[in-house]
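K.L.:
So you can see what is in the structure, the chains are spelled out below.
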Amino acid sequence: MTVEPVTLRYEMVNVRPGYLMIEQEEHTLVRRSYFASDRVPPWEEYREGNAFWRPQGAAQTFQFDVRDTVTGEVVPFGELAGLLYYACCSRDSTVYRIGDLAHDQRISLYVAISTEDEEGPVLMPAEKVRVLNALFNERLKSPGKKVLILPDLFGLHTQITYQQIAIDFGLTSME
Amino acid sequence: MKVQELAERLELVAATKLFDRDVTGVYISDMVSDVIANAKAGDLLVTAQAHANVIAAANLVDTCAIVITQGKPLGEDVVKMAEKAEISVFTTALNRWQVATKLYEAGVR
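Keeping their order, the protein sequence lines are chains A and B.
By our numbering, the letter at position 63 of the first sequence is numbered 92, and the numbering carries on one by one without gaps.
By our numbering, the letter at position 16 of the second sequence is numbered 18, and the numbering carries on one by one without gaps.
I should point out that these hints are in silico values taken from the structure, not numbers from a laboratory.
This structure is a prediction, so every number in the text was calculated from the model and none was measured.
Simulated restraints on C-beta separations:
(1) B:E7 / A:T187: 46 to 52 Å
(2) B:E88 / A:G107: 29 to 35 Å
(3) A:N79 / B:G73: 48 to 54 Å
With the Cβ distance kept under 10 Å, some of the chain B side facing chain A (calculated, not the full set):
(4) V37
(5) K42
(6) A59
Yeah, the Cβ is synthetic: ideal placement off N, Cα and C, and Gly gets one too.
Given only the sequences and the hints, what does the whole structure look like? Please build it.
P.N.:
Structure follows, in structure tokens:
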């Protein structure tokens, strides 16, 4: 018996390795983050008008776009800092409680955390989150298993550290 | 081949309950972002990382099990998270290359 190859509707394309950089303004203590596709993390402090930005952390990660194999449309995900698994959040948090309930139905809850500028992160539009959900769900093999990715409706960027997101902090330390 | 049979052949030490599944491939990586981008559902994940986000990544891509190399101990919270996600986790004193060799010898291609 031959097994027909499964044609997937969505594919990850334009995968770009790099670093998620987190920096803080010296006077206002405002935090922001961005993706840098440099070969090494850009650790430089720099001035921007009256602001003085200092790097606070860097994590290895990647950015990608998603291509619809039917229409050929490419959806960019440049604003995605990473995915946060509900179980990596505090047990007292709303996202943990919802994730725990969803888990009973074999649904694994993740939150799409966006990079943030001085005003905070921009919420990922629902249409893009739908594409992310389709991308990951159509690859699952475990019967009945589902992944549900939500935009950050919980305001988690104020409650979590970047270390809780599924990206690679401190990888040079294997302790 | 099933996870349990492979674990027995490689003399892996169970860190969690067993959730037996078919092993359809192998992915070796220490980067969770790499696992998310490149591992496939049904892959056995071999890694030296033993933190919670390894479970988060393995669960997202639906790996069949995880092998933690070089005898890294797992935290109790990581064990609970893996069991809740129904992902078997094993440990071994072998390094990643040695595990890869044994997987090949066991017929995993």
